[in-house]
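Colleague: Chains as they are written, first to last, in the working numbering: chain B, 1 to 179; chain U, 1 to 280.
Just so you know, the hints here were simulated from the structure itself, not pulled from any lab data.
Fair warning: this is a prediction, and the values are worked out from it, not measured in the lab.
All C-beta atoms, glycine included, are put in the ideal place defined by N, C-alpha and C.
Do not rely on the hints blindly, as some may be mistaken.
[Claimed, not checked] Sample of chain B residues with no beta-carbon within 10 Å of chain U, all distances over it, derived:
| id | residue |
| --- | --- |
| 1 | K41 |
| 2 | S55 |
| 3 | V57 |
| 4 | D81 |
| 5 | L97 |
| 6 | S127 |
| 7 | L130 |
| 8 | E151 |
| 9 | S167 |
| 10 | K169 |
[What the hints assert, rightly or not] Just so you have them, the derived chain U footprint on chain B, three or more residues with Cβ under 8 Å:
| id | segment |
| --- | --- |
| 11 | 59-66 |
| 12 | 101-109 |
| 13 | 112-126 |
[What the hints assert, rightly or not] List time: in silico DSS-like cross-link candidates among lysine-lysine, alpha-carbon distance up to 27 Å:
| id | chain 1 | residue 1 | chain 2 | residue 2 |
| --- | --- | --- | --- | --- |
| 14 | U | K153 | B | K41 |
| 15 | B | K169 | U | K182 |
| 16 | U | K160 | B | K102 |
| 17 | U | K57 | B | K102 |
| 18 | B | K116 | U | K56 |
| 19 | B | K102 | U | K56 |
| 20 | B | K41 | B | K69 |
| 21 | U | K57 | U | K28 |
| 22 | B | K69 | U | K55 |
| 23 | U | K56 | B | K169 |
| 24 | U | K55 | B | K116 |
| 25 | U | K160 | B | K169 |
| 26 | B | K116 | B | K169 |
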Amino acid sequence: MKSAKKVGLRYILIALGLLVVVGVASLPLHVFAAVPAAAVKIDASGAAPRQVEDSTVQAIERDYGAAWKSLGQAVDENRPDLLNGFVGSAREQATQLIASQKTNGLHQRYVDHGHKAQVAFYSIDGSSILMHDTAQFEIQQMDGSNVVHSEQVTLHYLALLTPAENSWKVRVLQTVPNF
Amino acid sequence: MKRISVIASLALVFAGSAFGADLSVPEKVTAGQSLTINGAPSGTLYLFGPNTAMKKKVDGGSVEIEGANLKAAGRYTVTIGGDSATFFVVYDKAANIAFLARPSRVPAAAPGVVSGTAFVFDQFNNLVLQPTQVKFNLAVEGAPPVTREATSKDGVAYVKLDSGRRSGSAQFVASAEGASVKRVVQQVASDPCSLRMKASRGANGNIVVETDPVRDCAGNSVPDGTIVTFTSVDSKGRSTIDARIKKDVAKAEFPPSDSAQLTVAAGVVMGNEIHWGGGR
Chain B
1 MKSAKKVGLR YILIALGLLV VVGVASLPLH VFAAVPAAAV KIDASGAAPR QVEDSTVQAI
61 ERDYGAAWKS LGQAVDENRP DLLNGFVGSA REQATQLIAS QKTNGLHQRY VDHGHKAQVA
121 FYSIDGSSIL MHDTAQFEIQ QMDGSNVVHS EQVTLHYLAL LTPAENSWKV RVLQTVPNF
Chain U
1 MKRISVIASL ALVFAGSAFG ADLSVPEKVT AGQSLTINGA PSGTLYLFGP NTAMKKKVDG
61 GSVEIEGANL KAAGRYTVTI GGDSATFFVV YDKAANIAFL ARPSRVPAAA PGVVSGTAFV
121 FDQFNNLVLQ PTQVKFNLAV EGAPPVTREA TSKDGVAYVK LDSGRRSGSA QFVASAEGAS
181 VKRVVQQVAS DPCSLRMKAS RGANGNIVVE TDPVRDCAGN SVPDGTIVTF TSVDSKGRST
241 IDARIKKDVA KAEFPPSDSA QLTVAAGVVM GNEIHWGGGR
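Go ahead and model the full structure; you've got the sequences and the hints to work with.
Modeller: Following this line, the structure appears as structure tokens:
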């Protein structure tokens, strides 16, 4: 009688264990690994017509990196609600991209290896900043679970940011062949 | 030997399937214009760009990507049957301007206080990177305008201007390639330039002090509400009255006194002094 109870208990524990394993396995990958914000290094020595304060450089490194992280997640999971740190045409473009990916069953995976940005313009009143950003990525373009194209690439971006309530937002993000 | 050649062939086949051949596409295409891929294989076409991702079956040969899919400037990747190519969509000609003018309210006749930043965009809201002449014009009705031209770099042009001598609503306009945007900068009178008052005996023997019309150095009336401070010093001590300018003048009354020294000031500007009483 006692051993039958033991066996029953064992089955229950095994079943619970399996449930936990299956539940954990079904969670999306980003739940396990908090994706860090993209590494951004800004050189503001060439800023004109106004010099960029150190605290502003730090704030932009933080906010621009966080924006890239959110873009990477949003285009991978086709979730526009994950987009943070984008406004204006940059947000509009990302939203359109995600919508058309979703329609066609496509998505993209970005492994962001970091950004080196140079400030090209910082407005007199501090209301806008334009950067030349050189970024390195591994990109996988996917149709469902099939990789249709993958590459390691260095890309050049013109990034226009404007300050909002408590952070800098990307207003224009435009890839260019070179600077 | 036969085995080696088979392995080599397999390796080539594998390499080909893993990396794909290049498609023949132009390096650049102007935003909104269609693009033709010649000699394309048949299969599924995938196009990824800044604001688009599309997928469609193509028969090979000459494949066209419509301009409607190529409006956003940036890098695009096209893949057909495992063959890939990248190309850039570049901005169209300037068609729009975004204009930031600061501040919205400035003192008249002040050097370098008005700044304007213009961003030059094409019809699809791509930054136009080609240097473009942007004209900035700051004007108040009845006064000659201040005009500057600046050449955009990376799609951005900016100016720093002196405010005009006349107070009023200034139209600040940025224009380029037929596009123009207007902002309003309110120019208000600066601090009073000089201050003069006169004194007279009022009802009950009070001393009535009143300024002449108060103006800034450019002759603009100082706004109503600006504080003018009158001070009277006599044998009983010091009295101070803060009066607001109303219709160009400020006015106050001090209690009667046989002899008093009256002064007037507004901000950092001191006015004339009047010795009241004695021989008067």
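Colleague: Would you mind marking each hint as holding or not holding in the structure?
Modeller: Outcome of the hint check:
1. K41: holds (20 Å)
2. S55: Consistent with the label, S55 (chain B) stays out of reach of chain U, its closest Cβ about 21 Å off (over 10 Å).
3. V57: Holds, since 19 Å exceeds 10 Å.
4. D81: Consistent with the label, D81 (chain B) stays out of reach of chain U, its closest Cβ about 18 Å off (over 10 Å).
5. L97: Non-interface label fails for L97 (chain B): nearest chain U Cβ at 5 Å, not farther than 10 Å.
6. S127: Given a closest Cβ separation of 6 Å, the condition is violated.
7. L130: violated (6 Å)
8. E151: violated (8 Å)
9. S167: holds (19 Å)
10. K169: Holds, because the least Cβ-Cβ distance between K169 (chain B) and chain U comes to about 14 Å, which exceeds 10 Å.
11. 59-66: With 0 residues in contact (Cβ-Cβ under 8 Å with chain U), the coverage given for the segment 59-66 of chain B is violated.
12. 101-109: holds (count 5)
13. 112-126: Check passed, 5 qualifying residues.
14. U:K153 with B:K41: Roughly 23 Å separates the two Cα atoms, so the pair holds.
15. B:K169 with U:K182: OK: K169 (chain B) and K182 (chain U) at ~25 Å, within 27 Å.
16. U:K160 with B:K102: Between K160 (chain U) and K102 (chain B) the Cα gap is close to 46 Å, so the pair fails against 27 Å, i.e. violated.
17. U:K57 with B:K102: Since the Cα atoms of K57 (chain U) and K102 (chain B) sit roughly 18 Å apart, the hinted pair holds (cutoff 27 Å).
18. B:K116 with U:K56: Status violated; Cα separation ~36 Å.
19. B:K102 with U:K56: Holds, because 14 Å separates the two Cα atoms, which is no more than 27 Å.
20. B:K41 with B:K69: holds (15 Å)
21. U:K57 with U:K28: holds (24 Å)
22. B:K69 with U:K55: holds (26 Å)
23. U:K56 with B:K169: violated (35 Å)
24. U:K55 with B:K116: violated (33 Å)
25. U:K160 with B:K169: holds (25 Å)
26. B:K116 with B:K169: Given that 27 Å is the threshold and the Cα spacing comes to 18 Å, the pair holds.
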